[in-house]
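Enquirer: Listed below are the residues making up each chain.
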Amino acid sequence: EDKVVQSPLSLVVHEGDTVTLNCSYEVTNFRSLLWYKQEKKAPTFLFMLTSSGIEKKSGRLSSILDKKELFSILNITATQTGDSAVYLCAVNPPNSGGSNYKLTFGKGTLLTVNP
Amino acid sequence: GAVVSQHPSRVICKSGTSVKIECRSLDFQATTMFWYRQFPKQSLMLMATSNEGSKATYEQGVEKDKFLINHASLTLSTLTVTSAHPEDSSFYICSAPRPPSWTGGPYEQYFGPGTRLTVT
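Residue numbers (this note's numbering), protein chains in the order written: chain H, 9 to 123; chain E, 117 to 236.
Hints listed in this document are in silico derivations from the structure and should not be mistaken for laboratory results.
Here the structure is a predicted model, which means the values were calculated and not measured.
Errors might be hidden in some of the hints.
Taking lysine-lysine pairs in the DSS-like style, the calculated list, with each CA pair at most 30 Å apart, reads [said to hold, decoys possible]: (1) LYS76(H) with LYS115(H); (2) LYS182(E) with LYS11(H); (3) LYS136(E) with LYS115(H); (4) LYS65(H) with LYS75(H); (5) LYS180(E) with LYS49(H); (6) LYS49(H) with LYS157(E); (7) LYS130(E) with LYS11(H); (8) LYS115(H) with LYS171(E); (9) LYS75(H) with LYS45(H); (10) LYS115(H) with LYS182(E); (11) LYS180(E) with LYS136(E); (12) LYS45(H) with LYS136(E); (13) LYS48(H) with LYS11(H); (14) LYS45(H) with LYS11(H); (15) LYS157(E) with LYS180(E); (16) LYS11(H) with LYS180(E); (17) LYS157(E) with LYS115(H); (18) LYS136(E) with LYS49(H); (19) LYS75(H) with LYS115(H); (20) LYS48(H) with LYS182(E); (21) LYS65(H) with LYS157(E); (22) LYS65(H) with LYS45(H); (23) LYS65(H) with LYS76(H); (24) LYS171(E) with LYS49(H); (25) LYS130(E) with LYS49(H).
Here are some, though not all, of the chain H residues that point toward chain E, as calculated from beta-carbon distances under 10 Å [stated by the list, open to error]: (26) THR36; (27) ARG39; (28) TYR44; (29) GLN46; (30) LYS49; (31) ALA50; (32) ALA98; (33) LYS110; (34) THR112; (35) PHE113; (36) GLY114; (37) GLY116.
C-beta atoms are modelled at their ideal positions from N, C-alpha and C, and glycine is treated no differently.
Bound conformation, chain H alone (with noise of 0.2 Å):
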């Protein structure tokens, strides 16, 4: 069964810290990996990363993939308020059709920025 796990699963940090977020996974045919962002509703996309070592970059997001090692870390640097929010990592099978686009959720880091 596929399994995906991020940690820690909860997070408190000041503004203007860098946190880093981890999920590991164990995925049969892996495609892609993605990281959302879930604050009251449904998560926005962030990031897809398909390709080993390659850093994605949005403003103060960052993320990179390692396919040898089965992980993936996002990090937000001099974090604002705003981002606190639940960050959601989810694996993705081949596109090969039908079902194989479905995604499997790790439980979701919960992150707190105090001011």
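Position chain E against the provided structure of chain H, taking the given hints into account.
Expert: Frame of chain H; chain E shown alone:
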């Protein structure tokens, strides 16, 4: 802007009634859509895969007769919670994979805004 919409965003119903939730892909066609359920402080759990033109595929432990899924067109899937009970109260989210912009590229999953169901 949003690429997947869901309706309604919030619904309160009485125990024993049925509720229909719609999920639409707005600017692409989706032969497959996914329905998730999320309980408070828990992650998203896949309930079923909605397949256009064929039956939905349900995950283990999800009752087919209770959660009816119909993929009516390439842009619309509906989830009907039949004979709802208080334990069905949850946040229901759909997603649709958007076809890649280049051949062989990955599909990106887009989520609807979710539907908060409360059964009294």
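Enquirer: Would you mind marking each hint as holding or not holding in the structure?
Expert: Against the structure, the hints come out as follows:
With a C-alpha separation of about 22 Å, the suggested pairing of LYS76(H) with LYS115(H) holds against the 30 Å cut-off. Annotation: proposed proximity of LYS182(E) to LYS11(H) holds, straight-line Cα distance about 27 Å (limit 30 Å). Between the alpha carbons of LYS136(E) and LYS115(H) the distance comes to roughly 27 Å, so the proposed pair stays at or under 30 Å and holds. Between LYS65(H) and LYS75(H) the alpha-carbon distance is near 18 Å, which keeps this suggested pair within the 30 Å criterion.
At most 30 Å may separate the alpha-carbon atoms for a hinted pair to count; LYS180(E) and LYS49(H) meet this at roughly 26 Å. A C-alpha spacing of about 12 Å is found between LYS49(H) and LYS157(E), which places the hinted pair at or below 30 Å, so the restraint holds. The hinted pair formed by LYS130(E) and LYS11(H) fails the criterion: a straight-line CA distance of about 37 Å is larger than 30 Å. Taking the CA atoms of LYS115(H) and LYS171(E), the gap is near 29 Å; set against the 30 Å cutoff, the hint holds.
About 22 Å separates the Cα atoms of LYS75(H) and LYS45(H), which keeps this hinted pair within 30 Å; it holds. At roughly 26 Å between alpha-carbon atoms, LYS115(H) and LYS182(E) fall within 30 Å of each other, so this suggested pair holds. This hinted pair checks out: LYS180(E) and LYS136(E) have alpha carbons roughly 15 Å apart, not beyond 30 Å. At most 30 Å may separate the alpha-carbon atoms for a hinted pair to count; LYS45(H) and LYS136(E) meet this at roughly 27 Å.
Straight-line distance between C-alpha atoms of LYS48(H) and LYS11(H) comes to about 25 Å, which keeps the hinted pair within the 30 Å bound. Distance hint between LYS45(H) and LYS11(H) is fulfilled; the C-alpha atoms sit about 19 Å from each other, no more than 30 Å. For the proposed pair LYS157(E) and LYS180(E), the alpha carbon gap of about 25 Å is at most 30 Å, so the pair holds. For the given pair, LYS11(H) sits about 24 Å from LYS180(E) by alpha-carbon distance, which is consistent with the 30 Å threshold.
Pair hint LYS157(E) plus LYS115(H) holds up; C-alpha atoms about 9 Å apart against a cutoff of 30 Å. A distance of roughly 19 Å separates the Cα atoms of LYS136(E) and LYS49(H); the hinted pair therefore holds under the 30 Å criterion. Distance hint between LYS75(H) and LYS115(H) is fulfilled; the C-alpha atoms sit about 20 Å from each other, no more than 30 Å. With a C-alpha separation of about 27 Å, the suggested pairing of LYS48(H) with LYS182(E) holds against the 30 Å cut-off.
Pair hint LYS65(H) plus LYS157(E) holds up; C-alpha atoms about 28 Å apart against a cutoff of 30 Å. Straight-line distance between C-alpha atoms of LYS65(H) and LYS45(H) comes to about 15 Å, which keeps the hinted pair within the 30 Å bound. Simply put, LYS65(H) and LYS76(H) have alpha-carbon atoms about 21 Å apart, close enough for the 30 Å limit, and the pair holds. The suggested pairing of LYS171(E) with LYS49(H) holds, with an alpha-carbon distance near 28 Å, which does not exceed 30 Å.
As the CA atoms of LYS130(E) and LYS49(H) are separated by approximately 23 Å, the hinted pair is consistent with the 30 Å bound. Checking THR36(H) against chain E by beta carbon gives a least distance of about 16 Å; that is not within 10 Å, so the hint is violated. Interface restraint check: ARG39(H) against chain E, minimum CB-CB distance 7 Å, threshold 10 Å, status holds. A hinted interface residue such as TYR44(H) counts as satisfied when its beta carbon comes closer than 10 Å to some beta carbon of chain E; here the least separation is about 8 Å, so the hint holds.
Because the smallest distance between the Cβ of GLN46(H) and any Cβ of chain E comes to about 8 Å, under 10 Å, the interface hint for this residue holds. The beta carbon of LYS49(H) is positioned within 10 Å of a beta carbon in chain E (closest approach about 5 Å), and the interface hint is therefore held. Contact between ALA50(H) and chain E, as hinted, is supported at the beta carbon level, the nearest pair being about 4 Å apart and thus within 10 Å. At a threshold of 10 Å, the smallest CB-CB gap from ALA98(H) to chain E is about 8 Å, leaving the interface hint in force.
The interface hint given for LYS110(H) holds, since its Cβ lies 6 Å from the closest Cβ of chain E, which is under the 10 Å cut-off. For THR112(H), the shortest C-beta to C-beta distance to chain E is roughly 8 Å, which falls under 10 Å, so the interface hint holds. Because the smallest distance between the Cβ of PHE113(H) and any Cβ of chain E comes to about 5 Å, under 10 Å, the interface hint for this residue holds. Taken as an interface hint, GLY114(H) checks out: its beta carbon lies about 7 Å from the nearest beta carbon of chain E, inside 10 Å.
The interface hint given for GLY116(H) is met, as the beta carbon of that residue sits about 5 Å from the closest beta carbon of chain E, less than 10 Å.
Of the numbered hints given earlier, the model fails hints 7 and 26; all others are met.
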